[in-house]
Structure formats: structure tokens, C-alpha cells
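A.B. asks: Letter by letter, the chains look like this.
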Amino acid sequence: MNAAAPILTVKDLSTWFDTRAGTAKAVDGVSFELHAGETLCVVGESGCGKSITALSIMGLIPRPGRIVNGQILFKELDLLALKEREFAKVRGNRISMIFQDPSSALNPVHTVGDQIAEVFTLHMGLSSAEAHKSALGVMKAVGIPDPETRMKAYPHEMSGGMAQRIMIAMALACEPEVLIADEPTTALDVTIQAQILELMRDLQDRFETATILITHDLGIVAEMADRVAVMYAGQVVEFADVVTLFDNPQHPYTRALMRSIPTIGAEQEMLEVIEGRVPPLTNLPKGCRFAPRCAERKETPDPRCETEAPELIDIAAAHSCRCWLRTGQ
Amino acid sequence: MLGYALRRLLIAIPVLFGILIVTFVMARSIPGDPCKAMLGEKASAATCEAFTQRFGFDQPITTQLYIYMSDVLRGNFGDSIRFSRPVTQLLVERFPMTIELALLALIVATFAGVTLGIIAARKHNSAADVTTMIGANIGVSMPVFWLGLMLAYIFGVIFKDTIFWLPPSGRLSAGISSVPFYEVWGWQLAADSGWSKFLEFLSNLYIFNALVTFNWPVFWDAVRHMILPVLALATIPMSVIARMTRSSLLDVLGRDYVRTARAKGLLETDVVRKHALGNAMLPVVTILGLQLGALLSGAVLTESVFGLAGVGRLLVEAIFARDYPIIQGVTVTIAVAYVVINLLVDLSYSYLDPRIRQQ
Chain A
241 MNAAAPILTV KDLSTWFDTR AGTAKAVDGV SFELHAGETL CVVGESGCGK SITALSIMGL
301 IPRPGRIVNG QILFKELDLL ALKEREFAKV RGNRISMIFQ DPSSALNPVH TVGDQIAEVF
361 TLHMGLSSAE AHKSALGVMK AVGIPDPETR MKAYPHEMSG GMAQRIMIAM ALACEPEVLI
421 ADEPTTALDV TIQAQILELM RDLQDRFETA TILITHDLGI VAEMADRVAV MYAGQVVEFA
481 DVVTLFDNPQ HPYTRALMRS IPTIGAEQEM LEVIEGRVPP LTNLPKGCRF APRCAERKET
541 PDPRCETEAP ELIDIAAAHS CRCWLRTGQ
Chain B
2 MLGYALRRLL IAIPVLFGIL IVTFVMARSI PGDPCKAMLG EKASAATCEA FTQRFGFDQP
62 ITTQLYIYMS DVLRGNFGDS IRFSRPVTQL LVERFPMTIE LALLALIVAT FAGVTLGIIA
122 ARKHNSAADV TTMIGANIGV SMPVFWLGLM LAYIFGVIFK DTIFWLPPSG RLSAGISSVP
182 FYEVWGWQLA ADSGWSKFLE FLSNLYIFNA LVTFNWPVFW DAVRHMILPV LALATIPMSV
242 IARMTRSSLL DVLGRDYVRT ARAKGLLETD VVRKHALGNA MLPVVTILGL QLGALLSGAV
302 LTESVFGLAG VGRLLVEAIF ARDYPIIQGV TVTIAVAYVV INLLVDLSYS YLDPRIRQQ
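So the sequence lines, in the order shown, correspond to chains A and B. Residue numbering for the first sequence follows my numbering, starting at 241 and increasing by one per position. Residue numbering for the second sequence follows my numbering, starting at 2 and increasing by one per position.
Bound-form chain B, shown alone:
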């Protein structure tokens, strides 16, 4: 099991190299000149010359790649052109927001999707089944940005001044701020160490931070701000998971071993819970891994609609500004997350299916 995980991690190394090279090339293939994008159309040739030299864009592309790769291997994504700050620092500030959003959306999508799928499969061909599946089809067809705007409009505008009102933008209400847990606990952090960056990263998960410091007002405020973006983001994966659970469970319910379970005298609820679900979840877990990737990209749109300062918005803005280090840094981080998630999914198979465990 451990050997398998290590082997998989080793296989991931060339994949990550590939990702580095591809993002490097793709960032530079975006038409437009970083100098013009950054300093404006009227920047003089001399100014641009200085700019290009300063960021090394005059070097041959292979040299640039070499420098970039050696930096990345030392854990340095370079400095943002636009903010003149390390990309790593920007990731520490912005990524937690996206992770919080994507994880919450995944949790909601999984619970709701699996539940709806089970209901639809158990009541196959009934009104409940048809309604759920029509709902899932509608859900999967709704664009995230449109659904986001509608939710923001309904709960932020129409329900304004009622108890159903939910904040349509931002992470926290004005006047409420999240105090990092290490400050609450009075930890002294060494400036600029990897450990302190990690703690800062954790503390930027506001909901998590509020939970561990028992700061309920901040917790509720952060949760309330997350409801609409999470709903907008979770709808598509929820529908996909619901459909997958339904078809997978229907397939499993027709299998011989389910008939055996019934013949043993188990009640239908236990047949589903103990014998069908474990087998039916295998394809659903695959979908789950893929959906988390989709969630990260969906987060880009959701963050824009709900005015959240996450990594998705950072990326979009960086693309417009031709801020190569940020584009590369964010893309690589998301790609690494994707690889890791899929590794976890593969490892979970062997937990779920003994037939894979022995191979």
C-alpha cells in the first residue's frame, strides 16, 4: 500500500515537469507584450527595453525556462511583475479562500448528490426519480456565472431586509476581521520561514481559523458569506454525482450478490447500505476526483461573480496583465493539487475494493 503510494508519487514527477514546461510556454503564447500590458500603450521603447531587461525577457526562451525551473525547484515561483511581491506569498494569501470554497462545494455536492442518487435509484421510475433526474439535468446545464448572479440577485437583492438575506459578496462583513489563530494563541513566528508561511496559509482558511479559535461571530459571518458561492459552485458537481450514483446503484441493485443479501433476510435499507452502496461508490469516487478539478476551475468564475479574492480571480487578472510568474505559479499549484487529488482517489480505490488491493 505504502509502496504503491510512493510509486505513484514517483510517476507524478515527470508529469509535474511536463506541467511546468507547458504552463511556461502557454503563458508566453498569450498574445501581447507584458511591458505594454503593464506600463500602458504609451510606454516608450526605452522604458520597455529597461522593463524587459529587468525581468529577463530579453534572454533566450530556453535560458528563461532554465532559470525558472531551477527557481521552482527551490520552491521559488518568482516575483509578480504587477505587485512586485513573491508569488508564493500571494498564493499563501489567496489560495486558502479558493480551497475553502472548493472543499465546501465538494462536501455539499457529495452529500446532496449521493443522497439524491440513492433516492432516485431506490424509487426507480417513480415521480421522485423523474423529478430528481430532471432537476439534475437542469442543474448540470446551468452556467456557474449565471446561477451565481441569479442567487446573488435573489438572496442579496430580493430578500434584502428579510431573514433570508445572504451577503452576495466578500468573505466577511465590514467591521469583522479574522485574527490568525497563532496570534490568538500568542505564538512567536520566525519571519519568512516555511513553517510560518504554512501557518499563515492555514489561518487564511477563515472558517477553519474561526473554528479552532472558537470565534463564533467570525465563524457564522464567514459561513454566511460562503453559502451563495458554494451553492453556485456545487450545483453542477452535485447533479453529476447524483446521476452517477443513481446509475451505478441501479446497476449494483441488479447484481447477484444483492439478491443474495436479500435472500439472507436483510431489509431493503440494509441491503442498500451494507451491500450495494460500497460497490456502487467506486465509479462515484472517480467522478469525485474529476469534479474537484472542475471545482477549482469553476471557482475562477464564482470568485469573479461574488467578489472573492481567491486564486481564481488572481489568475484571471494576471492573464490580462501578462503577469507570467503569477500565471505560472497559480497554474502549477492547481495542477499539483489535481495530481495529488487523483492520487488520493486511486489510493481510496484500494480501500474500497479488495480486488484492487492485492495487485
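For reference, chain A alone in the conformation it holds in the complex:
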């Protein structure tokens, strides 16, 4: 699979926010490749830079954020070098995105049919009538019952699951090559979550869309991912295919995450938690960013953990890790 040229290459991406408290390094040197048809999961807790990575690829960094370094290559295009007008042609067309809370991500004053049809008029130059017909088609494809009536509905008249289907329909309207889903099921009921994930997998198979799925739910990772990037404090700390990651997690943070999953049937008194907090992005530790919370460091201390920042280094084929304890010879 990896032999073919990647669809999307992110190289050394850094997105920083200048705030009063200092520069917040929300994304700091993130690199990965995405291949056709695969699902890359990006995991990490809130504020680790998952969403900002996604928004950087979309070119939608909110102010005062700015991309200070790096390269984002989408097939033949260097996205960061594109003019806004050119970039807009890619957005929602060849790369599209689904957001976390569908009820707030849809415009309350337009019907959902109009909102989907807009994508067709915009990127395919269809007339309004043709666009609405195509919108009806994708609404059927994402499993909306009675789409003819639903087209004229407003977002507030729909359930969260329905609204997320509309978002997916909108994102997949132009059959994009890359789909970025930013916690698409977090705001939904558990039963609806499963349906939405099922739908995404179906559609991915049908359109061969490469997907970046951002989540903090390891259950979703296990179910959906081909490869996984674990992020912590703006950096990728471990990168592996999904089986390796679950069987043989290397980074102390990944291991701690795994231990914090409740296991059904297992005799467990308390869920394990990771002590401490994510360091403030304006004031990161000098050495490894996870060092202050790292439990393994107490057993096998390494002086470099607190003084030198570790690099993301290959520890096996297609498995890399950012930790002195694993890579530091």
C-alpha cells in the first residue's frame, strides 16, 4: 500500500498562535503521509493539536494562528503556496471536512437542501435545479429517510445524527480525495455513533476516499483506523499501524492511554488515569513534553528526558516513537 505516492504529505508542520501569554505552539513539527483509501486516526486529548492540524490542512486556521513552518503537499499541489482563490477550489471539493457538533455546524437560516446544493453549484457549476437534484442523490446515499421532504427542512428540525448525515453528504458531495473528520461522533448518542461510523466506512469503500479521522476515543481508533498517529502537546509522539499500536504500544503516553480504557469483564477497581495535566502550550518543558507526567521515567530515569527534546525515530518498520527510553542509545 505504501509503495504508491501518498495523496497528502504533511511535512514538519508548525502552527503557532501569538497570544498575550506568549506563543502557543499548538502544532509543532507534525509530519505524516496519507495514502489513497486508508484511514489515518489522529488520537490525543483535548488541546493536543489534532484539530489545528486538520484546520491547517484546510487552510482555515482561525486568527491569531499562523503556519510558521512546514509543507502540505496534496498530490501535485503545494497547498501552502496556493493563492486563496485557488485553495478555495480544493476546499470542499477535493479535500473536505466534517466537524464535531453538527447542530452548530449547519447554518440555521438555510434549508439543508440548499446547503448541500451550494457545494454543487460552487464546485461543479451546476444550475440551482440540477444542484438540488444532485443534493437529493447524496442525501439518499447517506441514508436520510424521505429525502424529498427533508431537503426543505431547517437544521433545527433535525436530530443530531440526521444533521451529521447532512454534514457528511455535504462533505462527500464532490467525491473528495481526502476527507477530514474532526471528532464526527463526539456530540452524538452512542447508538447513533455506531451508525455514523458505519456510514463513513461504507462511503469510504465506495468512493475510495482517504480519511483523516480525529478522535480521542480509542474504541473508534480500533474500529476504524489503518494507521494511527498519537499526538501530545502539539507533536506526534507515536506512529504505527493500528494492530502494532494496540499490541505493542511503545511511547509511555500511548501505554498510559491504553491502560485508561475500561475493560469489560475484567476485575478493575478504578480506571487508571494519567497524573498531571497537559503542559501549557505557551510554556512547554525544555526536554520531552511528556516528561513531567511520565510514570516510566521514574523506574528507568534518563537525564536527557528533562533537558533534551527527543526526536520521532523509527523503532521498527512503520513504527516510530518520540521517547528517550525507547530510542535513546
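A couple of the hints might just be wrong.
Residues on chain B that point at chain A, a partial pick, calculated with CB under 10 angstroms [claimed, not checked]:
id: 1; residue: R123
id: 2; residue: H125
id: 3; residue: D130
id: 4; residue: G255
id: 5; residue: K265
id: 6; residue: E269
id: 7; residue: D271
id: 8; residue: L345
id: 9; residue: S349
id: 10; residue: L353
Here are the computed lysine-lysine pairs in the DSS-like style, where the Cα-Cα straight-line distance is at most 30 angstroms [unchecked claim]:
id: 11; chain 1: B; residue 1: K275; chain 2: A; residue 2: K329
id: 12; chain 1: A; residue 1: K392; chain 2: A; residue 2: K315
id: 13; chain 1: A; residue 1: K323; chain 2: B; residue 2: K275
id: 14; chain 1: B; residue 1: K275; chain 2: B; residue 2: K124
id: 15; chain 1: A; residue 1: K538; chain 2: A; residue 2: K526
id: 16; chain 1: A; residue 1: K323; chain 2: A; residue 2: K380
id: 17; chain 1: A; residue 1: K329; chain 2: B; residue 2: K37
id: 18; chain 1: A; residue 1: K373; chain 2: B; residue 2: K275
id: 19; chain 1: B; residue 1: K37; chain 2: A; residue 2: K323
id: 20; chain 1: A; residue 1: K315; chain 2: A; residue 2: K329
id: 21; chain 1: A; residue 1: K329; chain 2: A; residue 2: K380
id: 22; chain 1: A; residue 1: K373; chain 2: A; residue 2: K392
id: 23; chain 1: A; residue 1: K392; chain 2: A; residue 2: K323
id: 24; chain 1: A; residue 1: K380; chain 2: A; residue 2: K392
id: 25; chain 1: A; residue 1: K392; chain 2: A; residue 2: K329
id: 26; chain 1: B; residue 1: K275; chain 2: A; residue 2: K380
id: 27; chain 1: A; residue 1: K251; chain 2: A; residue 2: K329
id: 28; chain 1: B; residue 1: K275; chain 2: A; residue 2: K392
id: 29; chain 1: A; residue 1: K251; chain 2: A; residue 2: K526
The hints are simulated quantities; they were obtained by calculation from the structure and are not laboratory data. Keep in mind the model is a prediction, meaning the values are calculated, not measured. Idealized CB from N, CA, C, for every residue including glycine.
Please arrange chain B on chain A, whose structure you already have, making use of the hints.
C.D. replies: Below, chain B without anything else, positioned relative to chain A:
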């Protein structure tokens, strides 16, 4: 939708009754005696007696209120004490001028205010934003009468004999008169019917009248006379609308659905036009309704400064003369206008926001 409008109109009825009673009481609470105000300090007791009897001021106040209310319900505001003419007729003559002034000011204020607000929000924290907002703050702090006098002085006096000169007073230049459209078209009007009063009312909207009769000289003259009063009157609402548009749009531009619109690949101009503006206009429309009320009261000052014979000046003069029927008639008319405008604003919400439509 229609049911909602009807329901709202029904709710307005007790409000209007309240307005009638309050204006009736308030007009009579102005210290001073109508007789003395009208006939002079030296009017004898006997003369005043006759005067009071003639206008029914000797009756108990409840009786006066009863008579007044029953008259008003028949569409009769009574006769002015000072002019000895029906108040309705005075309103037909004077109100169009005020409406013209207030509407033009509202249109100018809305267009300029919304445009400035959009510019400020799109260029948030830039020099354009700061300049616009400082300008808006200055605009909102300038008293109407002072701004009016300054405008009259600058354009009427300093620019005299230049092409920038604008007439500082009156509605039309000397020698130009507005011919009512029904006379131009040769309509025969039944004297004193409600319909002919209405047509007369319309024809007193000079700019409208000149437009429908294609009388361009009168049109331009009327417009030129309106420029300064409209500028004076529009400045405050324009500033308020600009600030409201800016803050509302800034709020909306940070919403998730605007991010969705951007993610669809819309250019920023279209994001603002198609997705942000509709949502951002809701609070602005509320302000608009309230501002039109403020415009009617601001018109009182503007009309005085620019020597315009509108309803505002009529009211001020009536208060000095203790001309109760006029005070009541004008106040009630303005209050009704206010109620109707707010009803229209509420109805427009349901047009702008589908979430309200279904309730």
C-alpha cells in the same frame, strides 16, 4: 403567519388604549392654564370662564376622557384650540413631512451603518475598523440640534455661492410649489372623505409626489432641501447600527456554520454575504425598529433647527400653547406608528429566522 400578525394586532389594542389614557392625563398635567396660554396673561376671569366652557374643560376629568375616547374611536381627534381646525387635518398636512424625513434618515442610516459595520468586522482590529468605530462613537455622541446647526452653518453659510451650497431651511425653494398628483391627473375628489384625506396625505410627501408626477425640478429641489436634515437626523442611528452590525457580524463570523461555509470552499466575500449576514442581521433589525422610534422624536429637534413644518414642530408649539387636542393627537399618532413598526419588526424576524417561523 397571518394568524400571528392578527394576534399581535389584537394584543396592540389594549396598548393603544393605554396610550390614549396616558397622553390624555399627561397633556393635562403640564402646568399652566390653556386659557392663559392661549388668550394671554391678562384675560379676564369672565373670558376664561367662557373659554373653559366652550372647550369643555369645566367638565369632570372622567367625562372629558369619556368624550375624548368616544371621539377618537370615531376617528376624530377634536379641533385644535389654537388653529380652530380639526387635528386630523393638521396631521394630514404636517405628518408627511416628518415621515419623509424619518424614512429617508432611516434608509441612509441603515445603508451607511450596515456597510460601515461590515467593513469594520471584516477588517477587525485594522485601521479601518478603529477609524469606523471612533467615527461611530463620535456620531452617537453628537446632539442632533448641534450637528444640525453645524451642518446648516457649513453648507448654508460657509459654502454659500459655491456648488456645495445646500438650502439650510424649508422644504422647497421660494417660487417652487408641489402640485398634488391627483390634481395633475385631474381626479375629482369628494370633499372631506377619508379617501381624499389619504390622497392629500400622500401628496404631501413631496418627494413621492414629485416622483409619481415626473416633476423633476420639484423632486431635485425637495431632495436638496432634505439632505442636511436627513444627515443631521441619520448620524446617531447610523452610528448605532454600525456598532451593532459590527459586533453581531464578529460574533457570527466565529460560529461553527461559518467555518463550515469556509470549508465548503466559498470565498470570504460569499461566506459573509450568504452565510454570515443573514444571521447577523437579526439583532440589527431589532435596533432598526427602536431607532425609527428615536428618529420620530429626533425629528422634533431637526424640524426646529431646519425650519421644517412637520409634526414635531407642531407638537412643540402645541405644548407651549397647552393645545391639548393637538398634543394628544400627535402623541397618539406617533405611538401608533411605533406600535405598528415594532409589529413589522417582529414579523420580519419570522422571515429572517426559520426557528421563529414555526412557533
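A.B. asks: Next, verify each hint and record whether it holds.
C.D. replies: Each hint, compared with the structure:
1. R123: violated, 12 angstroms
2. H125: holds, 8 angstroms
3. D130: Hint violated; D130(B) Cβ to chain A Cβ min 13 angstroms, cut 10 angstroms.
4. G255: Interface hint status for G255(B): holds (8 angstroms vs cutoff 10 angstroms).
5. K265: holds, 4 angstroms
6. E269: Where the cut-off is 10 angstroms and the nearest Cβ of chain A is about 8 angstroms from E269(B), the hint holds.
7. D271: holds, 8 angstroms
8. L345: violated, 19 angstroms
9. S349: violated, 13 angstroms
10. L353: For L353(B), the interface hint holds, since the closest Cβ of chain A sits about 7 angstroms away, which is under 10 angstroms.
11. K275(B) - K329(A): holds, 18 angstroms
12. K392(A) - K315(A): violated, 37 angstroms
13. K323(A) - K275(B): Holds: K323(A) and K275(B) sit about 22 angstroms apart, inside 30 angstroms.
14. K275(B) - K124(B): holds, 18 angstroms
15. K538(A) - K526(A): Holds. K538(A) to K526(A) sits at ~18 angstroms (cutoff 30 angstroms).
16. K323(A) - K380(A): Status violated; Cα separation ~35 angstroms.
17. K329(A) - K37(B): With a Cα-Cα distance of about 79 angstroms, the restraint between K329(A) and K37(B) is violated, given a limit of 30 angstroms.
18. K373(A) - K275(B): holds, 21 angstroms
19. K37(B) - K323(A): violated, 79 angstroms
20. K315(A) - K329(A): Roughly 14 angstroms between the alpha carbons, so the hint for K315(A) and K329(A) holds.
21. K329(A) - K380(A): Since the Cα atoms of K329(A) and K380(A) sit roughly 25 angstroms apart, the hinted pair holds (cutoff 30 angstroms).
22. K373(A) - K392(A): OK: K373(A) and K392(A) at ~13 angstroms, within 30 angstroms.
23. K392(A) - K323(A): Outside the cut-off at roughly 35 angstroms; violated.
24. K380(A) - K392(A): holds, 14 angstroms
25. K392(A) - K329(A): holds, 27 angstroms
26. K275(B) - K380(A): holds, 26 angstroms
27. K251(A) - K329(A): Distance of about 22 angstroms is within 30 angstroms: holds.
28. K275(B) - K392(A): holds, 18 angstroms
29. K251(A) - K526(A): holds, 23 angstroms
Violation of the numbered hints given earlier is confined to hints 1, 3, 8, 9, 12, 16, 17, 19 and 23; the remaining hints are satisfied by the structure.
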